[in-house]
Amino acid sequence: MVTTIWAGLTVGAIYALVGLGYTVTFIGSAAFNFAQASFVMTGVYIAYLGLDHWKVPAVGVILLATGAVSLLSVIVQQVAVAPVRSHDSLLVTTVGAATLIDGVAQRLAGDQPLQVSFIFPNHPTTVFSGRVLPGELWLIVMVPLIALFLTVISRRTLVGMAGLAVSADNDAARLFGINPKRYAIGSFALAGAIAGLMGVFVGPETSAFATLSSAIALKGFVALALGGFRSFFGAALGGFACGLSEAFVARYLGSEYQTLAVFALLLLTLLLFPTGLLGERKVRTV
Amino acid sequence: MPRLNSALALQRRASKYGWIFTTLAVPGIFLLAPLLGLDLNDQRTVELIVLLALLVSGLNLCYGYAGELALGQIAVYAAGGYVAGYASINLTSDLLVGVLLGALIGPIIGLITGVPGLRLGGWSLGMVSFFLVLIIPDVVRILKSYTGGSAGLNGIKLPTLFGSTLSQREMYLFIVAIGALWFAIMRNIVVSRRGRALLVMRESPLLSSAVGVQVFRAKLVAYMVGAIPAGVAGALLAELDGFITPEYFSFSLAIAVLAATVLGGRTSVYGAVLGATILELGPLRAGSFENYTFVVYGLLLIIGGALLPRGLVGLGRSLWRRFGPAASRESSGVVEALDPLVLHGSVLTVEGVSKSFGGVLALNDVSIEARPGRVTSIIGPNGSGKTTLLNLINGFYHPDHGTVRLGDQAIHRLPSHRIARLGVARTFQTPIVSPELSVLDIASAGRDGLAPSKLLSVVMRLPGYRRVAKADAHIAGQALQRVGLAEQASEPSTSLPLGSRRMLEFARALAVSPSLILLDEVASGVDEDAIAELAVLIRGLAEAGATVILVEHNFRLVLEISDEVYVLANGALVASGPPREVAEHPDVIEKYLGTAPMAKDAE
Numbered sequence: 000m001v002t003t004i005w006a007g008l009t010v011g012a013i014y015a016l017v018g019l020g021y022t023v024t025f026i027g028s029a030a031f032n033f034a035q036a037s038f039v040m041t042g043v044y045i046a047y048l049g050l051d052h053w054k055v056p057a058v059g060v061i062l063l064a065t066g067a068v069s070l071l072s073v074i075v076q077q078v079a080v081a082p083v084r085s086h087d088s089l090l091v092t093t094v095g096a097a098t099l100i101d102g103v104a105q106r107l108a109g110d111q112p113l114q115v116s117f118i119f120p121n122h123p124t125t126v127f128s129g130r131v132l133p134g135e136l137w138l139i140v141m142v143p144l145i146a147l148f149l150t151v152i153s154r155r156t157l158v159g160m161a162g163l164a165v166s167a168d169n170d171a172a173r174l175f176g177i178n179p180k181r182y183a184i185g186s187f188a189l190a191g192a193i194a195g196l197m198g199v200f201v202g203p204e205t206s207a208f209a210t211l212s213s214a215i216a217l218k219g220f221v222a223l224a225l226g227g228f229r230s231f232f233g234a235a236l237g238g239f240a241c242g243l244s245e246a247f248v249a250r251y252l253g254s255e256y257q258t259l260a261v262f263a264l265l266l267l268t269l270l271l272f273p274t275g276l277l278g279e280r281k282v283r284t285v
Numbered sequence: 000m001p002r003l004n005s006a007l008a009l010q011r012r013a014s015k016y017g018w019i020f021t022t023l024a025v026p027g028i029f030l031l032a033p034l035l036g037l038d039l040n041d042q043r044t045v046e047l048i049v050l051l052a053l054l055v056s057g058l059n060l061c062y063g064y065a066g067e068l069a070l071g072q073i074a075v076y077a078a079g080g081y082v083a084g085y086a087s088i089n090l091t092s093d094l095l096v097g098v099l100l101g102a103l104i105g106p107i108i109g110l111i112t113g114v115p116g117l118r119l120g121g122w123s124l125g126m127v128s129f130f131l132v133l134i135i136p137d138v139v140r141i142l143k144s145y146t147g148g149s150a151g152l153n154g155i156k157l158p159t160l161f162g163s164t165l166s167q168r169e170m171y172l173f174i175v176a177i178g179a180l181w182f183a184i185m186r187n188i189v190v191s192r193r194g195r196a197l198l199v200m201r202e203s204p205l206l207s208s209a210v211g212v213q214v215f216r217a218k219l220v221a222y223m224v225g226a227i228p229a230g231v232a233g234a235l236l237a238e239l240d241g242f243i244t245p246e247y248f249s250f251s252l253a254i255a256v257l258a259a260t261v262l263g264g265r266t267s268v269y270g271a272v273l274g275a276t277i278l279e280l281g282p283l284r285a286g287s288f289e290n291y292t293f294v295v296y297g298l299l300l301i302i303g304g305a306l307l308p309r310g311l312v313g314l315g316r317s318l319w320r321r322f323g324p325a326a327s328r329e330s331s332g333v334v335e336a337l338d339p340l341v342l343h344g345s346v347l348t349v350e351g352v353s354k355s356f357g358g359v360l361a362l363n364d365v366s367i368e369a370r371p372g373r374v375t376s377i378i379g380p381n382g383s384g385k386t387t388l389l390n391l392i393n394g395f396y397h398p399d400h401g402t403v404r405l406g407d408q409a410i411h412r413l414p415s416h417r418i419a420r421l422g423v424a425r426t427f428q429t430p431i432v433s434p435e436l437s438v439l440d441i442a443s444a445g446r447d448g449l450a451p452s453k454l455l456s457v458v459m460r461l462p463g464y465r466r467v468a469k470a471d472a473h474i475a476g477q478a479l480q481r482v483g484l485a486e487q488a489s490e491p492s493t494s495l496p497l498g499s500r501r502m503l504e505f506a507r508a509l510a511v512s513p514s515l516i517l518l519d520e521v522a523s524g525v526d527e528d529a530i531a532e533l534a535v536l537i538r539g540l541a542e543a544g545a546t547v548i549l550v551e552h553n554f555r556l557v558l559e560i561s562d563e564v565y566v567l568a569n570g571a572l573v574a575s576g577p578p579r580e581v582a583e584h585p586d587v588i589e590k591y592l593g594t595a596p597m598a599k600d601a602e
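These protein sequence lines are chains A and B, in that order.
Heads up: the first sequence at position 229 corresponds to 228 in numbering that gives the first Met the number 0, and the numbers run straight through without jumps.
Heads up: the second sequence at position 406 corresponds to 405 in numbering that gives the first Met the number 0, and the numbers run straight through without jumps.
Keep in mind the hints are simulated off the structure, nothing from the lab.
A partial selection of chain A residues facing chain B, derived with a Cβ cut-off under 8 Å:
id, residue
1, L90
2, V91
3, V94
4, D101
5, G102
6, V103
7, L217
8, F220
9, L269
Away from chain B, derived, C-beta distances all over 10 Å, residues of chain A:
id, residue
10, V1
11, V58
12, K180
Ranges of calculated distance between the beta carbons of each label pair, as one might list FRET restraints:
id, chain 1, residue 1, chain 2, residue 2, range
13, A, K180, B, D338, 45 to 53 Å
14, B, R140, A, L62, 40 to 48 Å
15, B, G357, A, L270, 20 to 28 Å
We put the beta carbon where it would ideally sit given N, CA and C, even for glycine.
Can you build the whole structure from these sequences, using the hints too?
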């Protein structure tokens, strides 16, 4: 029972992580970036390369993953987001970016999943009578901390509030001397950095493989839908809720029902609470 | 004028019979192809192109026209395949039954996922429908006794038609014929007032609801109809191969469908065939190339989405427009003579309305009255609540307190499309234009919600549909002529300069034959000559009997043409009365006129 909770929270943390990334770029540049999950996957691959292939020290791997994925994210922003004029083409180009990243990863690394080490010793322990890996606990703890960090910088700092202004009204923001372009790039850099950093923690859990990203991209969206679309804590809670329901359904009904259950959860949430369980209502303007 | 008229008549005839030609000639070539020595291998390739084109075409309808990216076509494809396969094994091997079941399963899945997916707008439907692809293997596994599980569904019988088994060649002909039938249907849906209404909705759902279109419903219908060809294609695949497995319906294929849509051109009928052909002959077929498919698709989507938003067909069209014969530009929506303009205005009574947003009081106890045959203006500095008041009148917002009545009817609780259907027209501060919509299209858009055509009548081109479409073109053409845009009727609406775009907004409102017309800053960014022209038009509307409400910054224009002026400041009414009286009101001079030049600049 408790083991199932730990398992659910662990996968939930991964979905939450993707949901947080979506929220960052959504607030910073009003762009929904489907490639966010592929950024996490890239972080996982870099963790594999650094820890298991090149045997780089942990700190180096963390810096490398954070920096490289942040850079990748900015490139994606420049190539696949900034030049796109119409809003509805953004999903096409970011799905394209995700497909391209996945495709390149598959070409370079092959189809076989690669086992990724953890930066700390990772022997199973028992916490509250449930079995869990230390790496999993790290994930479960770090995701809410990241949500807290993001909430604080978006609410308490000028930089963050400017970001909120950009997502609310681009033109108005410009009037106040905010440069929406720089915020868009900044938000992608931040989303990429989070994905890269956390890739190091996600890797031991998922292993590195190229088709990892599409499933977590979609479940990250469920996290967002559950938590409302503009709240970091909402995305984190939504991710955990998604992961827990998946774990419990898998345990009591069978693994073939777990994704279906998440899908049903998504449909019901959109139907009954279209702005998410914690979401705010959006006011329409002309 | 006679030349223009004959051009118009020619265009009408071409549009009346042209589709019969295109929908018969193109598939005709493929139907005859076997006789010309098409071998079985090529035959198979054509069959696969048709199946892919069906998937892509459905996505075009939903994404290219209705503006909702639905990535779940593959799931509907799978469902169609399994349903038809199951029916073939357990019910009957008749091909038509399979195809019919495939056609039915599409809209059912569309309804289940569309209602929640469309609730939020934006990317939700795309993600929800993409999720469908993720659950295909699980659903197949759960329903193992029906689907054969991951081993695949075996034993689908050879397809029969009315009792006789089809040969490979006959099956080929059947698939091409079904493809042709769908493309004829698709063509009739999108080249119609309904297709135009979808494009308008894609550009601005707000405008659509302001002209009386039920946006949610229109999107849902487009999504559901777009799922039909996918379900049919699945059924055809099952009947063709006699075997299906969940591996057919992969993420990779879902991405391929999207790539074909983007490549061919999402807002076109035959772009689907082009995109499907390129992908089928290229990435989907190649062997050694296979390892790079994701890389290729990824590049296609990024480049296509960012640089070629209208795909190869769109590229071809713009090249044709630039370098092609100029004659095509001449056909125009010009109408013979102007009918006298007679409008039946209704009294608008706004009583004590208040509206706040998140604690900020945007309107505080505002009452106004606007009568038929009179121009009633609302002025005030930026942020004084003018546009909020307009949004309350046409149903974008609902007041927290107070009532809005049109004639005897309370309208403040009605949704905007219902209010529009009562004859309330409005213009927007930012004129809505699109490269894919002509000037005449935009003007006609005003009529989209007035007499919605039944889908069947659109597809079959029934007389009822033709009558409505003709009336639309006539009234919209007249409206264009009144604002002086008749010559540009068939130009893309994006080719107009800002001043003319405002005139076009005006024409669209006029095409409604409105009882109440709401003009939101029609004169901003317009030069002096055009303002004089606008003044005449606005007075003309009132003299024709309409109730006119004008929200405006240009104080001179307001003084010149208004019968009654209301002044708002910080959401409350400061003054009202005839223009001269208001202009001399001390509060107005202090609060509004004193800051007028600044307010104008900020706009």
